[in-house]
Amino acid sequence: MNEIRSKILHILRTSARLTNAQIAAMLGVSEQEAADKISNLENEGIIIGYSAIINEEKYDRNAVTAVIELKVSPQIENGYGAVANKIAQNREVESVQLMSGAYDLAVTVKGENLREVAMFVSDRLAVMDGVLSTATHFILQRFKEKGALFALDADDERSLVSP
Amino acid sequence: MKTPDYEKLLSERVKNVEFSGIRKFFDIAATMDNVISLSVGEPDFKTPWAIRRKAILSLETGHTRYSSNAGIEELRRKICEYTQNSIGVNYSPSSEIVVTVGGSEAIDLAIRALINRNDEVLVPEPCFVCYSPLVELAGGIAVPIVTRFENQFKLTPEALRAAITPKTKALILPFPNNPTGAVMRRDDLQKIAEILRGTNIMVISDEIYSELTYGGQKHVSIASLNNMKERTIVINGFSKAFAMTGWRLGWAAGPEPILTQMLKIHQYAIMCSPTTSQYAAITALSAPECRRDVDFMVSEYDMRRRLCVKAFGDMGLDCFEPEGAFYVFPRIQSTGLSSDEFCERLIKVKRVAVVPGNAFGKSGEGFIRVSYAYSLAHLNDATKRIEEFLREI
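Protein chains in written order, with our numbering: chain A, 9 to 171; chain B, 46 to 438.
None of these hints come from the bench; they were simulated from the model. Hints may contain errors.
In silico SDA-like pairs for lysine to any residue, Cα to Cα no more than 25 Å straight-line [stated by the list, open to error]: (1) LYS429(B) to ILE19(A); (2) LYS355(B) to ALA96(A); (3) LYS66(A) to LYS393(B); (4) LYS355(B) to SER420(B); (5) LYS154(A) to LEU26(A); (6) LYS429(B) to LEU122(A); (7) LYS91(B) to TYR127(B); (8) LYS395(B) to HIS18(A); (9) LYS429(B) to THR22(A); (10) LYS91(B) to SER113(B); (11) LYS355(B) to LEU168(A); (12) LYS15(A) to LYS66(A); (13) LYS154(A) to LYS393(B); (14) LYS393(B) to ILE19(A); (15) LYS79(A) to LYS66(A).
Chain A residues, not near chain B, derived (Cβ > 12 Å throughout) [stated by the list, open to error]: (16) THR22; (17) THR27; (18) GLN30; (19) LEU49; (20) ASN63; (21) GLU65; (22) TYR67; (23) PRO171.
Being a predicted model, the structure only gives us computed values, none of them experimental. Note that CB positions come from ideal geometry on N, CA and C, so glycine has one too.
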């Protein structure tokens, strides 16, 4: 049972656009069973969404993404959760993660240009209650995201037809 | 100065052999832009990293000499262990194994070691393109045995019996099969073995796709059946299972009297297989992570196989469910087109390359070979285009 679930997740991770019928055929189960398994995964909050992997630089050359290291003072009862959730509410924020090591929260922020991200950090993040310090790292180039390679030379080097 | 008369210079035997139909189709495909392919016969996965690392290490430490003719001893031992574990047949590393330049060289050696002028070699078709030309180059006669869609493209005992003559020297047994994906189960092999035990015919069992079988049933080698080891040459290699096509490494295992003669040809023609590949291959057969990589690849192929069978079924084409290798072989007779016409029009109109079934023998006419050694997104895109093509013709 769990094997089918993990195979479904494996397929959806790389190709979420396949139909339930296709996924069912790949796993040798009925379409109904595949559909049920997928809705269970969704209902249990294991699958929380589906999205495309986009080469942002290719789509919009001005767009920037930054990873911001945040040091945060944890609060009684709530720990880091309250601040993390507050940050996560912002539209510009793509991801928020609590980290081990030298800083506390890793926040990914996407903006239309450099200035927009810089303003967001200085005006919204840095001044937030509980935020002790920020260190902003702009992403210069992406090579791989969610298992997908960005490089053109990731193209198939095999010849068109072979034995 | 006159240019040489090449026609006169060239060997009649070589001139009479035709180029592979796969190559002919490649020449057509190569003239077009933006073609997406479903026609390669090699894995899309990269060689497992542990294998590549071992090759780099062997180069860094300067292990770049000839090996013994039969191959590095440790590799031969590993091959024997692997063969024992996978098909349950025990070979001697010192006298019953030759490490070759791909499975292809092993096939050539086996045929050359056995064939006198006009000896007959039985070749179940459709099959990979090399057997008949190699038989003809060795002076023998290739006798096709047609395998049929209705029989899941298996070699039947009736068809075999009907093809045997006093001149029959060998039977090629190419299963799991390229291009059909057919597999011979133990029962099927028992019936073949029963016929062969009473004859003086050798089996050349090309098991290059042995790791790639699906549906929970493991590959069975005819060599593992009673009294068959002594009349079988098992061919295998690293290309398909370990995604090592470019490394060119395979092997033959069989009875000492035959392997000794094969080694003689190998010694004069090749000397020894590339040593970098040989060192890497030792890792392929011994590192646990390589085993995991192979298992992962097999489970990926299995899912793609099912996806393709469904896609062609949905298009209304008869598609035998392949149990091995990484091809599906749908029947396209219902379109009213020949295999060549189908493939040429498909590539022209939809820019999708598949291989005409008749490239694998006359009996492949009416079929196309589709490889699923591609990513899911690629397969999905390509099969959608084929579906459009079918609606438009």
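inquiry  = Under the constraints set out in the numbered hints, which ones does this structure not fulfil?
reply    = Failing hints, ascending: 2, 3, 6, 8, 10, 12, 13, 14, 15, 16, 17, 18 and 23.
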